[in-house]
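Peer 1: Listed below are the residues making up each chain.
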Amino acid sequence: MKVTISVEHLSKVFQSQNDLEIHALHDLNLSVAENEFVCILGPSGCGKSTLLRIIAGLEKASSGSVFYNGREHTRPGKEIGMVFQSYSLMPWLNVLDNIALGLEFARIPKAERIAVAQEYLDMIGMSDFGKAFPHELSGGMQQRVAIARALANDPDVLLMDEPFGALDAYTRILMQKELLRIWEKHRKTILFVTHSVDEAVYLADRIILMSSHPGRIKEEFVVTIPRVRERSNPRYGELTAELLSLLEEG
Amino acid sequence: MHKKFLALIMPFIIPALLLIFWQYAAYQAQNVAVLPPVGRVLENFLHATDNFIGLGSIPRNIGVSLIRVLSGYTAGVLIAVPLGVLMGYSKTIQRLFETFISIFKPIPPLAWQPLALAIFGVSSIATVFNMPFGQQYVFWGNFKIAMIFMIGMGSFFPVIASVMFGVQNVRQTLIDSARVLGASEKDIFFKILIPAAAPNIINGLRMGLAIGWACLVGAEMLPGSLAGVGYLITHAYELARTDLVITGMICIGVVGALLDSIFRVIGNRYFSWESKTR
Ligand SMILES: Nc1ncnc2c1ncn2[C@@H]1O[C@H](COP(=O)(O)OP(=O)(O)O)[C@@H](O)[C@H]1O
Ligand SMILES: [Mg+2]
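These protein sequence lines map, in sequence, to chains A and B.
By this note's numbering, the letter at position 19 of the first sequence is numbered 19, and the numbering carries on one by one without gaps.
By this note's numbering, the letter at position 173 of the second sequence is numbered 173, and the numbering carries on one by one without gaps.
So that you can see chain B by itself, here it is in the shape it has in the complex:
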């Protein structure tokens, strides 16, 4: 009982200490623009559905950011997974793309900002799909192609790297066993390589989403954005609303952790064999 209780409170000790320290520092600072007290930020969460600095409610901003990140992430993943599998499967395809990937990988997603803007301008999902003017257009106009591109770039490289690694490191004995059982090349690909690499693929998807989500603030600094948690932070900073900046940061952290835990649950549930197999 005592042990269970300890295990239960363990994860909350450090955050609690942090809150105490924050409150103390805020009291010392005596300036809400530098560091507002905990209560100010808490109040923002209690009134999460209010319209903040003309940018709408917190859930709405999170929603906008989520759609942005998920569209960029989906685009990145849709290219990275098949390409990564093919590169892991065929030495020739790997050779074809490896220079390209090793040169582009170290470029941080933020560094793409000017170029993304130059190439895609202010085109958005609304303009790409040629939506008629109206409420729909205004909403989908929030999702600029340049932002989606930056987030996609951020997700792409971790995904492709671990997918390729996963496929390349499938134990040769497994492939050989399938071959002597009469597997066709297609069987090898879909029934051996992909399931055997699945834990690494899931891991890549997880890292990709984490990095895509972390690109949010940078992507939402692009012009033409009028909503989103990243934009909320930037705009709140300009208005010296540090309490809102912190509110936005907490949102990014919590949502990121939740997204990550989805993959952790999937991994534990379906791929527990991986950590238990020699």
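So that you can see chain A by itself, here it is in the shape it has in the complex:
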């Protein structure tokens, strides 16, 4: 089994305004295999976003390192894509141009990148919205576009920071299904942050449970329930209950 992402002895200390030190992450170790779908679950403030941002290369570690395919990863690049929690679309670009943005950075000719963007637009079920601007879309649609934008760039690893947090329950379930379909089809390595236990149990090959102050890994669960997972499956319920009680402990 090939290790795609490996996080070793990672710590992050933030200096707050009144000179207090915030230990966002403390000596965290984690490795993610190729094509694995890992969910990171934890209460808010436990350092999930910080971990993702450091893996993406958007934030520097205070100590420790992140390796991508065996090489130290310190700068953001197109191999490791990221979907943010909300409002990450360029408001002056229409939907198609937003989806094609990564291809534009890769200097792919306009006609070609718009064709690719249209493909991903169809995939998220928004074929007719290519010319719309982000402010004309609902939060859920914006988030779908952000996911399409990340996928159109064809990253090897996809980091997702509570991407469905702003969606209503119904859209959220649809998007989870869709994401699994894409993951199975395109074989990507996904690191998915959520604070929803149900979401983690539905999606993940493996769930990393974090606790806060300082942020660290509390426990790991390998989820072997066959997909498509039914919420009525007793093992689904058991795992959900166990995770919830662990979360309550803090």
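Calculated directly from the structure, the hints in this document are not laboratory data.
Keep in mind the model is a prediction, meaning the values are calculated, not measured.
All C-beta atoms in this analysis are idealised placements derived from N, C-alpha and C, irrespective of residue type, glycine included.
Hints should not be assumed to be uniformly reliable.
In the DSSO-like style, the derived pairs of lysine-lysine whose C-alpha atoms are separated by at most 27 Å in a straight line are [stated by the list, open to error]:
| no. | chain 1 | residue 1 | chain 2 | residue 2 |
| --- | --- | --- | --- | --- |
| 1 | B | Lys-186 | B | Lys-91 |
| 2 | A | Lys-110 | B | Lys-191 |
| 3 | A | Lys-78 | A | Lys-177 |
| 4 | B | Lys-186 | A | Lys-60 |
| 5 | B | Lys-276 | B | Lys-191 |
| 6 | A | Lys-78 | A | Lys-131 |
| 7 | A | Lys-218 | A | Lys-2 |
| 8 | A | Lys-218 | A | Lys-60 |
| 9 | A | Lys-185 | A | Lys-2 |
| 10 | B | Lys-105 | A | Lys-60 |
| 11 | A | Lys-2 | A | Lys-110 |
| 12 | A | Lys-78 | B | Lys-186 |
| 13 | A | Lys-78 | A | Lys-60 |
| 14 | A | Lys-60 | A | Lys-185 |
| 15 | B | Lys-191 | A | Lys-78 |
| 16 | A | Lys-131 | B | Lys-191 |
| 17 | A | Lys-185 | A | Lys-78 |
| 18 | A | Lys-131 | B | Lys-276 |
| 19 | A | Lys-131 | A | Lys-110 |
| 20 | A | Lys-60 | A | Lys-2 |
| 21 | A | Lys-60 | B | Lys-191 |
| 22 | B | Lys-186 | A | Lys-110 |
| 23 | B | Lys-91 | B | Lys-191 |
| 24 | B | Lys-91 | B | Lys-105 |
| 25 | A | Lys-110 | A | Lys-78 |
Listed next, with one range per pair, are the computed distances between beta-carbon atoms [stated by the list, open to error]:
| no. | chain 1 | residue 1 | chain 2 | residue 2 | range |
| --- | --- | --- | --- | --- | --- |
| 26 | B | Ile-14 | A | Asp-122 | 52 to 58 Å |
| 27 | B | Ile-175 | A | Val-222 | 34 to 40 Å |
| 28 | B | Phe-97 | A | Ala-106 | 33 to 39 Å |
| 29 | A | His-135 | B | Leu-110 | 38 to 44 Å |
| 30 | A | Ala-106 | B | Glu-98 | 26 to 32 Å |
| 31 | A | Ala-115 | B | Ser-261 | 38 to 44 Å |
| 32 | A | Asp-122 | B | Glu-98 | 48 to 54 Å |
| 33 | A | Ser-127 | B | Ile-14 | 50 to 56 Å |
| 34 | B | Ser-184 | A | Asn-29 | 30 to 36 Å |
Model the placement of chain B with the ligands on the given structure of chain A, informed by the hints.
Peer 2: Leaving out everything else, chain B with the ligands in the frame of chain A:
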């Protein structure tokens, strides 16, 4: 229909009241040097192409003023926009210039008059470009470097302030999103920071032009000016031609409003996303 009509006349109510009040006050004053009746000023506009007090027609004076303001404004903008973008982009560059800017910003453009005169004297576009004597020389001799400098100073600070603000306040998520999509530093600069700051940049350009235009009368009080709406006002005042003073003021107001509306149209047309984005 009734509502539409009301909406249509609404903007004209206050000006109409003002005209009535003016006419009444002029009647009370009974002295055209203090306040001429509305008709006298209106007549000036009806004969706009006449030669007024030896200074030429109204359109010509407006034209001269426009060229003056636009050259000063262009000079100010050409320095302010790139510098503002760089200051917004780099903390180091910001630090380098911020003291200079915060000290010079509060100085009103008019206060530069003596110094501008001392430094630039009566040099003009004509002398700078070494034009041969003749009609061209006389025309371009109207555009004194000292005036252009004052107007440029007036435009510079509002432009640089809002450009810098615009670039500094680009949402971090947008920059981060571009980075994880593989953007180079150059891409970030030209494809993210500048378009994201564009509404603020346009707003700065708009304020800069408004202030540059408002500096007109002050700049045209400098010696060596023989045309321009500002000069027309000053000279008409010396001749007790209050009707011409008011004519000039109306010209400045109307042209200023027109210039402003150009930017408003651009803003509404291309940057409507800004007010609608959270
Ligand atoms: N830029 C920052 N400056 C200071 N403190 C920060 C910064 N980013 C995050 N933190 C702090 O680090 C901790 C972890 O934050 P975060 O990673 O956003 O948590 P999560 O995503 O799990 O909610 C929090 O206590 C937060 O206040
Ligand atoms: Mg977070």
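Peer 1: Work down the list of hints and note, for each, if the structure agrees.
Peer 2: Status of the hints after comparison with the structure:
1. B:Lys-186 with B:Lys-91: holds, 17 Å
2. A:Lys-110 with B:Lys-191: holds, 15 Å
3. A:Lys-78 with A:Lys-177: holds, 25 Å
4. B:Lys-186 with A:Lys-60: Roughly 21 Å separates the two Cα atoms, so the pair holds.
5. B:Lys-276 with B:Lys-191: At roughly 20 Å apart (the allowed maximum being 27 Å), B:Lys-191 and B:Lys-276 satisfy the hint.
6. A:Lys-78 with A:Lys-131: holds, 25 Å
7. A:Lys-218 with A:Lys-2: The given pair, whose Cα atoms are some 24 Å apart, holds under the 27 Å limit.
8. A:Lys-218 with A:Lys-60: holds, 23 Å
9. A:Lys-185 with A:Lys-2: holds, 19 Å
10. B:Lys-105 with A:Lys-60: violated, 38 Å
11. A:Lys-2 with A:Lys-110: Given that 27 Å is the threshold and the Cα spacing comes to 36 Å, the pair is violated.
12. A:Lys-78 with B:Lys-186: Distance ~16 Å between A:Lys-78 and B:Lys-186 Cα, so the pair holds.
13. A:Lys-78 with A:Lys-60: The given pair, whose Cα atoms are some 18 Å apart, holds under the 27 Å limit.
14. A:Lys-60 with A:Lys-185: violated, 33 Å
15. B:Lys-191 with A:Lys-78: Given pair B:Lys-191, A:Lys-78 holds - Cα atoms ~16 Å apart, limit 27 Å.
16. A:Lys-131 with B:Lys-191: At roughly 19 Å apart (the allowed maximum being 27 Å), B:Lys-191 and A:Lys-131 satisfy the hint.
17. A:Lys-185 with A:Lys-78: Holds, at about 20 Å.
18. A:Lys-131 with B:Lys-276: Holds - the C-alpha atoms of B:Lys-276 and A:Lys-131 are around 16 Å apart, at most 27 Å.
19. A:Lys-131 with A:Lys-110: holds, 15 Å
20. A:Lys-60 with A:Lys-2: holds, 25 Å
21. A:Lys-60 with B:Lys-191: holds, 24 Å
22. B:Lys-186 with A:Lys-110: holds, 19 Å
23. B:Lys-91 with B:Lys-191: holds, 20 Å
24. B:Lys-91 with B:Lys-105: holds, 20 Å
25. A:Lys-110 with A:Lys-78: holds, 19 Å
26. B:Ile-14 with A:Asp-122: 52 to 58 Å: Once the Cβ atoms are compared, 55 Å apart, the range 52 to 58 Å for A:Asp-122 and B:Ile-14 holds.
27. B:Ile-175 with A:Val-222: 34 to 40 Å: Since B:Ile-175 and A:Val-222 have Cβ atoms about 37 Å apart, the given range 34 to 40 Å holds.
28. B:Phe-97 with A:Ala-106: 33 to 39 Å: holds, 35 Å
29. A:His-135 with B:Leu-110: 38 to 44 Å: holds, 42 Å
30. A:Ala-106 with B:Glu-98: 26 to 32 Å: Given range 26 to 32 Å: violated, Cβ gap about 37 Å.
31. A:Ala-115 with B:Ser-261: 38 to 44 Å: Given range 38 to 44 Å: holds, Cβ gap about 41 Å.
32. A:Asp-122 with B:Glu-98: 48 to 54 Å: holds, 50 Å
33. A:Ser-127 with B:Ile-14: 50 to 56 Å: holds, 51 Å
34. B:Ser-184 with A:Asn-29: 30 to 36 Å: At roughly 32 Å between Cβ atoms, A:Asn-29 and B:Ser-184 fall inside 30 to 36 Å, so the hint holds.
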